[in-house]
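A.B. asks: In case you want the letters, here they are:
Protein chains: 6
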Amino acid sequence: MPTVQLVDEATADPRVRAVFDDIKTTKGISRVPNYWRALAAHPEHLELVWSQAKAIMKPGKLDLLTKEMIALAVSITNSCRYCINSHTAAAQKLGMTPEQHGELLAVVGLYNQMNKLADALQVEPDILPKVE
Amino acid sequence: MPTVQLVDEATADPRVRAVFDDIKTTKGISRVPNYWRALAAHPEHLELVWSQAKAIMKPGKLDLLTKEMIALAVSITNSCRYCINSHTAAAQKLGMTPEQHGELLAVVGLYNQMNKLADALQVEPDILPKVE
Amino acid sequence: MPTVQLVDEATADPRVRAVFDDIKTTKGISRVPNYWRALAAHPEHLELVWSQAKAIMKPGKLDLLTKEMIALAVSITNSCRYCINSHTAAAQKLGMTPEQHGELLAVVGLYNQMNKLADALQVEPDILPKVE
Amino acid sequence: MPTVQLVDEATADPRVRAVFDDIKTTKGISRVPNYWRALAAHPEHLELVWSQAKAIMKPGKLDLLTKEMIALAVSITNSCRYCINSHTAAAQKLGMTPEQHGELLAVVGLYNQMNKLADALQVEPDILPKVE
Amino acid sequence: MPTVQLVDEATADPRVRAVFDDIKTTKGISRVPNYWRALAAHPEHLELVWSQAKAIMKPGKLDLLTKEMIALAVSITNSCRYCINSHTAAAQKLGMTPEQHGELLAVVGLYNQMNKLADALQVEPDILPKVE
Amino acid sequence: MPTVQLVDEATADPRVRAVFDDIKTTKGISRVPNYWRALAAHPEHLELVWSQAKAIMKPGKLDLLTKEMIALAVSITNSCRYCINSHTAAAQKLGMTPEQHGELLAVVGLYNQMNKLADALQVEPDILPKVE
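Chains A, B, C, D, E and F are the protein sequences, given in the same order.
Counting in the working numbering, the first sequence tops out at residue 325, every number present.
Counting in the working numbering, the second sequence tops out at residue 325, every number present.
Counting in the working numbering, the third sequence tops out at residue 325, every number present.
Counting in the working numbering, the fourth sequence tops out at residue 325, every number present.
Counting in the working numbering, the fifth sequence tops out at residue 325, every number present.
Counting in the working numbering, the sixth sequence tops out at residue 325, every number present.
Everything labelled a hint here was simulated from the structure, so no lab data went into it.
One or more hints might be untrue.
Intra- or inter-copy, both count: the list cannot distinguish identical chains.
Straight-line distance between alpha carbons at most 27 Å, and here's what the computed DSS-like set of lysine-lysine pairs gives [said to hold, decoys possible]:
| no. | residue 1 | residue 2 |
| --- | --- | --- |
| 1 | 286 | 254 |
| 2 | 220 | 286 |
| 3 | 286 | 323 |
| 4 | 220 | 254 |
| 5 | 323 | 217 |
| 6 | 323 | 220 |
| 7 | 247 | 323 |
| 8 | 286 | 251 |
| 9 | 217 | 254 |
Please construct the entire structure, taking both the sequences and the accompanying hints into account.
C.D. replies: Structure, rendered in structure tokens:
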């Protein structure tokens with residue numbers, strides 16, 4: 194059960210209404226997801242999070258599917274149930290095939306293992322990024 | 194300081210030697226990274242981890258750069274210092290530009306925030322993946 | 194479903210009974226929460242955890258509401274469902290308003306993002322605490 | 194070593210310069226911390242993160258010291274070295290005493306323990322927040 | 194709800210069938226757990242994960258109960274609900290008594306606390322493993 | 194650099210002195226580790242943490258080496274550098290062989306992978322512990 198009251202889509206609050214409308218338009222969906230309805234319990238915070246998400250989750254030097262797959266990898270590593278569902282669905286909508294989903298899971302699983310082994314072994318970095 | 198003795202590249206152990214050679218050939222590098230030299234303290238485990246990594250980190254339905262960027266997103270979310278260095282470097286080698294790096298960081302940061310807000314708000318999944 | 198049998202409030206075990214009574218008195222509640230009934234499956238552990246919690250969660254140089262909000266911030270960052278519910282409720286009981294809840298969520302979300310960016314960028318500490 | 198080039202404080206980039214100036218003015222400091230100089234490698238991302246941080250980290254229904262202590266609790270739970278240093282220092286600057294620091298550490302330690310016990314025991318939430 | 198279709202035990206896919214049969218024989222169980230039926234949505238990944246798990250989870254220099262208890266400690270620290278259930282059950286089947294379970298929980302809780310205090314205090318390692 | 198002043202072993206504070214003496218006697222060591230010297234900045238907290246650790250880390254239904262290996266598994270999963278060092282050393286002192294260390298690392302790595310795959314696949318628990 195949510196820890197705040199979900200705000201109704203038909204809310205009279207103009208700030209919330211504006212964000213809800215922008216979410217539906219930007220994402221091409223007809224209903225406001227529960228996540229945003231819950232955040233709307235705090236309108237100023239809703240605006241901050243949505244404006245940041247909108248600015249970041251647009252096609253850029255990385256295409257949107259790649260961004261969604263990165264979001265899914267983060268959500269799995271954080272064990273966030275809501276987010277795993279919604280980013281799996283979003284990536285599918287953008288064209289992620291079952292085979293690509295399988296490869297993504299394999300990479301995420303592998304590095305959750307290899308990350309912890311690196312920590313356990315306390316190896317010092319020897320492969321450094323190029324910084325110019 | 195590593196918690197095990199790093200195995201010398203010129204080790205006489207034939208099992209370890211075979212993996213070291215395969216690592217250098219597969220990755221096109223001339224030296225064995227510290228990570229693998231540390232894992233080699235336990236040869237059977239080295240073989241298991243390397244064979245798995247080799248099977249997963251090859252081009253498939255996802256290209257190798259996408260896989261490396263997913264690996265980097267996992268490593269950042271896990272705060273693994275060695276891994277962040279090596280996957281940033283590996284992605285650069287595969288062509289990741291500074292602009293793409295910046296977009297990746299933005300997505301990873303955003304969803305580390307949004308994941309925790311979803312947990313805090315305890316919203317129930319309403320965007321479900323298509324399962325067929 | 195719990196992984197241990199919840200101990201009945203009316204248990205005959207005098208050690209458990211003493212802790213249960215102390216929990217109800219200290220917290221001013223009439224029923225023992227599931228958490229403590231589950232811990233009671235191991236009476237010695239119950240005593241250790243409760244005596245520690247009681248010693249820490251009393252007003253001191255930080256008031257109790259501040260301590261509960263810190264507990265909530267930890268619970269969100271750890272994605273602990275039971276704990277997020279109970280600490281949100283406990284903070285409300287101590288007077289946390291919806292607006293304060295919203296600000297707490299904003300801070301917790303922000304730093305889950307900024308923490309991971311600091312890890313990703315591998316910046317060295319340059320703002321050090323005063324240690325005297 | 195940072196994974197990006199830290200941007201010089203005297204950068205000619207007007208967008209970065211504006212953020213740097215705002216950081217110094219808002220925080221009342223004379224030098225730009227490494228964190229922000231690293232984020233500045235990606236100016237648009239710098240603007241997004243800074244504008245969000247500035248909007249959230251101002252006195253509101255929670256005072257600034259409480260917000261900094263929440264930020265510190267999050268940073269410890271995430272094991273973020275840079276962030277633990279900078280938020281300990283920031284809280285000290287806002288008046289956190291050594292005794293308050295000790296109590297904060299005690300609460301953060303306690304709930305990192307109790308959170309995991311709740312997960313281990315799989316207890317169902319029975320203390321629910323008031324949602325109206 | 195799973196994010197992939199669970200593969201039927203009676204699947205016609207010979208690779209998946211071979212793994213399913215091996216799982217049942219190796220573990221001495223009559224039904225394939227949901228976990229493996231979900232992984233089977235990606236047969237190559239199923240083979241990789243199962244062959245690794247089989248190679249690691251056999252009696253060696255550590256007995257199987259100790260390995261299961263380590264697996265349970267990891268699963269609790271990662272807050273993995275499915276895994277906490279299945280490893281608690283597996284350890285019980287191998288002889289873990291309720292008293293041992295209680296001691297394991299106490300150790301896992303204690304070090305989740307002490308780990309975070311070590312991070313908060315930023316103490317430098319002074320107790321180093323012997324590396325020869 | 195620690196975020197608090199390490200307390201000198203020869204401190205005049207009788208409460209801290211008593212704990213320091215007990216640590217040295219109980220562990221059979223001649224110097225107080227940095228961890229405890231840092232915690233001693235807050236004497237009441239030092240007493241709480243030490244008394245809890247002492248009560249839990251004694252031989253019981255699980256022997257001390259098993260408990261140290263569980264502590265190490267937790268510390269690796271939490272990526273706690275100080276703790277990985279000290280628990281690897283402590284387990285070695287209690288007799289952990291390099292081969293056992295290797296098996297422990299393999300189990301810890303495996304389940305960090307398998308935990309995240311379980312989360313990604315969102316499988317419902319079907320292997321439940323026996324609760325009586």
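A.B. asks: It remains to establish, for every hint, whether it holds in the given structure.
C.D. replies: Hint by hint, here is what the structure shows:
For the identical chains of this complex, residue 286 and residue 254 are neighbours both inside a copy (20 Å) and across copies (17 Å), given an alpha-carbon limit of 27 Å. Taking the shortest alpha-carbon separations for residue 220 and residue 286, only the intra-copy value of 11 Å comes in at or below 27 Å, while the best inter-copy value is 34 Å. Proximity of residue 286 and residue 323 under a CA criterion of 27 Å is satisfied inter-copy only: 9 Å between copies versus 35 Å inside one chain copy. Both within a single protomer and between protomers do residue 220 and residue 254 lie at most 27 Å apart by alpha-carbon distance, with minima of 20 Å and 26 Å respectively.
For the homomeric pair residue 323 and residue 217, the shortest alpha-carbon distance between copies (20 Å) is at most 27 Å, but the shortest distance inside one copy (41 Å) is not. With identical chains, the CA atoms of residue 323 and residue 220 are at most 27 Å apart between copies only, with a shortest distance of 18 Å across copies and 36 Å within one. Proximity of residue 247 to residue 323 under the C-alpha cut-off of 27 Å is restricted to the inter-copy arrangement: shortest distance 24 Å between copies versus 30 Å within a copy. With identical chains, the CA atoms of residue 286 and residue 251 are at most 27 Å apart both within one copy (15 Å) and between copies (25 Å).
When the C-alpha separation of residue 217 and residue 254 is checked against a cutoff of 27 Å, the pair qualifies only within one copy, where the shortest distance is 24 Å, while the shortest distance between copies is 31 Å.
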